[in-house]
Amino acid sequence: MNLKCKNVWEHISEYLDQQLTPEVRAEIEKHLENCEVCSAILDSTRNVLVLTADNRTYELPVGYSKRLHDRLQKAIHQNPDPGENSPS
Amino acid sequence: MPLSCAGGYRYLTKGVDLGDPLRRAFQRLRMQEDRQHEAELIRRILAGETDVFHELIRPYEKMVYVTLLTMLRNETEAEDSAQEAMISAYRYLHTFRGDAKFSTWLVTIAMNEGRQRLRRLKRAAEDSLEDTVEEPEGDFTPAFLTDWREIPLEALERKELRQKLRDAVDSLPKIYREVFVLRDLQEMNQEETAAALGITIAAVKVRLHRARMMLQKILVPYLRGSVPARKGFFGRLFQ
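First to last, the protein sequences are chains A and B.
For the first sequence, the tail end lands on 88 under the working numbering, and the numbers increase by one without skipping.
For the second sequence, the tail end lands on 239 under the working numbering, and the numbers increase by one without skipping.
These are computed hints drawn from the structure, not numbers from a lab.
Honestly, I wouldn't trust all of these hints.
Stated by the list, open to error - Below, simulated BS3-like cross-link-like pairs (lysine-lysine); rule was C-alpha separation at most 30 Å, straight line:
id, chain 1, residue 1, chain 2, residue 2
1, B, Lys217, A, Lys6
2, A, Lys4, B, Lys217
3, B, Lys164, B, Lys174
4, B, Lys62, B, Lys217
5, B, Lys62, B, Lys164
6, A, Lys66, B, Lys205
7, B, Lys101, A, Lys74
8, A, Lys66, B, Lys159
9, B, Lys217, A, Lys30
10, B, Lys101, B, Lys174
11, A, Lys66, A, Lys30
12, A, Lys4, B, Lys205
13, B, Lys205, A, Lys30
14, B, Lys164, A, Lys66
15, B, Lys62, A, Lys74
16, A, Lys4, A, Lys30
17, B, Lys159, B, Lys174
18, B, Lys205, B, Lys101
19, B, Lys217, B, Lys159
20, B, Lys205, B, Lys62
21, A, Lys6, B, Lys164
22, B, Lys62, A, Lys66
23, B, Lys217, B, Lys164
24, B, Lys164, B, Lys205
25, B, Lys101, B, Lys62
26, B, Lys174, A, Lys6
27, B, Lys205, B, Lys174
28, B, Lys159, B, Lys62
29, B, Lys217, B, Lys205
30, B, Lys101, B, Lys217
31, A, Lys6, B, Lys205
32, B, Lys101, B, Lys159
Predicted, not measured: the structure shown is a model, and the values here were computed from it.
I would like the entire structure built from these sequences, with the hints used as guidance.
In structure tokens, the structure reads:
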């Protein structure tokens with residue numbers, strides 16, 4: 001089976017997640033060895049995911065944690081039994 | 001044995017399961033310990049040690065905030081609804097049965113809070129429209145290029161790059177954005193993501209793939225412009 005570029009793109013996500021059968025994975029790797037376009041698409045996709053998922057990309061606002069726990073503390077004191085007044 | 005670039009990726013990459021068996025075994029063990037620890041915290045809270053709730057939710061503060069930020073696309077609304085979601089989690093903690101992970105249960109509460117907030121903000125019309133289209137037509141082909149020079153993580157020190165990445169995620173249609181956020185940002189597995197969104201695992205896979213392709217297409221031209229790629233001699237033709 002000779003994979004076309006389009007077939008490789010369709011599998012990029014599963015390739016990154018290691019969800020492909022060994023046979024399909026081997027076919028894709030064979031294709032990647034000879035295709036700069038698909039190799040670059042794969043590398044850039046992986047790089048984009050690494051950057052997006054990095055802790056620095058989404059940061060908590062300054063003081064967020066304190067404000068959250070202050071408000072929680074009030075709610076806990078108003079309703080000291082988490083099972084009470086709530087539907088089960 | 002020195003790590004190859006590909007090997008190094010396994011340790012750099014978050015949200016993409018690169019399948020290192022040792023790492024996965026370690027993660028399973030750690031998850032098991034975390035679940036036992038959380039079960040004990042929940043038991044103590046329900047037995048009256050209510051202040052322990054602070055400890056229970058501390059590891060998930062950011063998860064809940066980011067989930068809501070990507071839904072609401074407004075920092076103030078996200079923070080307020082994150083607080084509401086945590087309060088709801090406290091009130092309904094007695095309904096948590098432990099058959100799902102606490103984080104999955106919590107993110108489901110956060111998403112419900114986000115949906116209610118969207119309705120209140122009268123943005124529901126836009127999102128409902130998106131909801132009615134199960135798999136909208138779109139361009140899921142990637143951005144073409146013939147070589148890629150790695151954008152290092154240090155580049156994230158630049159505020160405009162972080163903003164560009166967030167804007168790209170925000171620009172995804174809702175059904176793709178929510179799957180991407182749960183799978184790649186919150187690192188939930190396919191089953192947890194499917195359960196949290198009430199969709200099939202097959203739908204999770206399709207939507208995640210499309211989300212990733214759309215992000216690649218949006219971001220690669222920008223990233224190449226901000227950090228010039230190596231020049232190749234020839235662009236190889238498609239096969």
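Each hint tested on the structure:
1. Lys217/B <-> Lys6/A: Since the Cα atoms of Lys217/B and Lys6/A sit roughly 15 Å apart, the hinted pair holds (cutoff 30 Å).
2. Lys4/A <-> Lys217/B: Judged against 30 Å, a Cα distance of about 19 Å means the pair holds.
3. Lys164/B <-> Lys174/B: This hinted pair holds, its Cα atoms lying about 18 Å apart.
4. Lys62/B <-> Lys217/B: 27 Å, holds
5. Lys62/B <-> Lys164/B: Given pair Lys62/B, Lys164/B holds - Cα atoms ~20 Å apart, limit 30 Å.
6. Lys66/A <-> Lys205/B: Violated. Lys66/A to Lys205/B sits at ~37 Å, over the 30 Å cutoff.
7. Lys101/B <-> Lys74/A: Given pair Lys101/B, Lys74/A holds - Cα atoms ~26 Å apart, limit 30 Å.
8. Lys66/A <-> Lys159/B: Holds: Lys66/A and Lys159/B sit about 24 Å apart, inside 30 Å.
9. Lys217/B <-> Lys30/A: Holds, because 24 Å separates the two Cα atoms, which is no more than 30 Å.
10. Lys101/B <-> Lys174/B: 24 Å, holds
11. Lys66/A <-> Lys30/A: 53 Å, violated
12. Lys4/A <-> Lys205/B: 21 Å, holds
13. Lys205/B <-> Lys30/A: 24 Å, holds
14. Lys164/B <-> Lys66/A: Holds. Lys164/B to Lys66/A sits at ~28 Å (cutoff 30 Å).
15. Lys62/B <-> Lys74/A: 21 Å, holds
16. Lys4/A <-> Lys30/A: 11 Å, holds
17. Lys159/B <-> Lys174/B: Between Lys159/B and Lys174/B the Cα gap is close to 25 Å, so the pair holds against 30 Å.
18. Lys205/B <-> Lys101/B: Roughly 21 Å separates the two Cα atoms, so the pair holds.
19. Lys217/B <-> Lys159/B: It holds: about 21 Å lies between the C-alpha atoms, which stays within 30 Å.
20. Lys205/B <-> Lys62/B: 25 Å, holds
21. Lys6/A <-> Lys164/B: 27 Å, holds
22. Lys62/B <-> Lys66/A: Distance of about 13 Å is within 30 Å: holds.
23. Lys217/B <-> Lys164/B: Holds, at roughly 13 Å.
24. Lys164/B <-> Lys205/B: 25 Å, holds
25. Lys101/B <-> Lys62/B: Roughly 17 Å between the alpha carbons, so the hint for Lys101/B and Lys62/B holds.
26. Lys174/B <-> Lys6/A: Within the cut-off at roughly 25 Å; holds.
27. Lys205/B <-> Lys174/B: Roughly 15 Å between the alpha carbons, so the hint for Lys205/B and Lys174/B holds.
28. Lys159/B <-> Lys62/B: 19 Å, holds
29. Lys217/B <-> Lys205/B: The given pair, whose Cα atoms are some 18 Å apart, holds under the 30 Å limit.
30. Lys101/B <-> Lys217/B: Roughly 34 Å separates the two Cα atoms, so the pair is violated.
31. Lys6/A <-> Lys205/B: The hint holds at about 18 Å.
32. Lys101/B <-> Lys159/B: Given pair Lys101/B, Lys159/B is violated - Cα atoms ~34 Å apart, limit 30 Å.
Hint violations for this structure: numbers 6, 11, 30 and 32, all remaining hints satisfied.
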